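S.K.: Next come the chains, spelled out residue by residue.
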Amino acid sequence: MKRLLAITLGILTAIGGFVDIGDLVANGLVGARFGLSLAWVVIVGIGGICVYAEMCGRVAAISGRPVFDIVRERLGPRWGVTNLLASFLITFLTLTAEIGGVALALELASSVHYLLWVPLAAFAVWVVIWRVRFKRMEEIFGLLGLCLLAFGVAVWQLGPDWGALWTQATHPAPDGSEGWPTYAFWGIALFGAAMTPYEVFFFSSGGVEEHWSRRDLGTMRANVFIGFPLGGLLSLCIMAATAIVLLPRGVEVETLDQLVTPVTESLGKVGLAVVLIGIFAATFGAALETGLSCGYTVAQYFGWQWGKYVRPREASRFHVTVLLTILTGVLILCTTVDPVLVTEYSIVLSAAALPLTYLPILVVANDPDYLGEHTNGRFANTVGTVYLGIVLVASLAAIPLMIVTGAGG
Amino acid sequence: MSGGRAYDAHLHLLDRQIIDPDGRMVGKVDDVELAPDGEGGLYLAALLVGPAALGRRVGGRFGRLLVRLQGRGEPVRIPLEEVTEIGSAVRLGTRRPPPGSEHWIRDHVVARIPGASVESDE
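Protein chains in written order, with the UniProt record's numbering: chain A, 1 to 409; chain B, 1 to 122.
Some clues are possibly wrong.
Under 8 Å between C-beta atoms, here's a sample of chain A residues computed to sit facing chain B [what the hints assert, rightly or not]:
| no. | residue |
| --- | --- |
| 1 | D69 |
| 2 | R72 |
| 3 | E73 |
| 4 | H319 |
| 5 | D369 |
Hints were generated in silico from the structure; no laboratory data involved. A quick note: this is a predicted structure, and the numbers were derived from the prediction, not measured. In this text, a Cβ means the ideal position worked out from N, Cα and C, and glycines have one as well.
With the hints as extra help, turn the sequences into a complete structure.
M.R.: Given below as structure tokens:
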């Protein structure tokens, strides 16, 4: 148990990346439309986020500097602010959607319309950020989010044709009814979700919140190499569950209640209850991750005191930023915009902004000023460079593909 | 500062985080102030911190907005004598009061919310 509690930062960060409200639905949708033929993208994404989270975790542990410090320092104030605006917009849109997601999960459980839950959900998110200790926060929501493993249990219970699933997974191409552009669009959406920039903002800032030092490099790596693959596994379980149950019926997943049908059908009410807890914790956790990340990026760009490790009055500007961001999110949700749609756009936009975050990380991970003897080895540099190439291609293709396919329709 | 290591101001100083002796964040090195050394050269006299200093370097519409935010106030000037270490952060030897904006927001907003002065609890 103690070992598990040491890696909750990685788990919570990964949940925010792989199974937040937009990705929950996107994974379900991809499974129902493409089977497992896009599963490889999730695997590639896990590799990418692991390499870069390890680099920025190392920088945070050894120098105490989180990602946006590095962005500002290496890109300079002008490009830094471009990245700030892009990253903040994505993170803010995602936060908005997560608050809506928490409310949607509560609607599923209570049958009370989600808009009534929105103010309460937003207030709860703010209270946790204002009052609850960082470590406690990541333990509660990281571990409860693992309830989503019920999708994995459902896959097992359904007794699928494993050979057919394997065939889907090893044939990375769209089948009959789908074309290459939509296939590529959803591939980029999945990749963008896996490597979404607020994961590295949150992970590295979280390392500083937990006072990581040189001695914690082992803990940091355990967080990276267990936490992120676990998040990716949850994402694959959801995809497989909808591929088994919904693909043959030709049902498209657009809402949460469609998403949970494989679990309800195979595990009944108990399964549904567990999955609802998982969805609630995952969306709430992602709301915390994105809410804090909004504050982290702005504060770290301007050099303000930030963080939950000091009393709120000692990081006033940081806390006011978070508070205003949450309030604005609530206002946007009150326009009755569909929260799921909001994240699906923000995932693709985030793919377009990725290089501005990952390039500075790769550069600083080679800088002895920051890392002394712990700079990147040849392996990390090779893999990091390959992924930077992939990120660049994805970022250039993201917006044209969104326009051509009408956002994957 | 003493010792003979040469620093490239652009590479080692600009845009780095400034921290006080307790590790609390003071601001960024938004700009630097150069002064003539009397032999025809320039030396680094001080670090400049604040939106006006940053705005001048950013330029454009956003830069002008930052300069206007600062109002009539000048950027905070930290003489180089106060710097004790230049690494991944710039460490000062003395504590400094937080800048005006932090002060104002603390007194008028954050301090009025219950729990602002307590450590996060369980």
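S.K.: Against each hint, give a clear statement of whether it holds in the structure.
M.R.: Here's how the hints hold up against the structure:
Because the beta carbon of D69(A) sits about 5 Å from the nearest beta carbon in chain B, less than 8 Å, this interface hint is met. The interface hint given for R72(A) is met, as the beta carbon of that residue sits about 5 Å from the closest beta carbon of chain B, less than 8 Å. Interface hint status for E73(A): upheld, as the beta-carbon distance to the closest one in chain B is roughly 5 Å, under 8 Å. Contact between H319(A) and chain B, as hinted, is supported at the beta carbon level, the nearest pair being about 6 Å apart and thus within 8 Å.
Taken as an interface hint, D369(A) checks out: its beta carbon lies about 6 Å from the nearest beta carbon of chain B, inside 8 Å.
Of the numbered hints stated above, none is contradicted by the structure.
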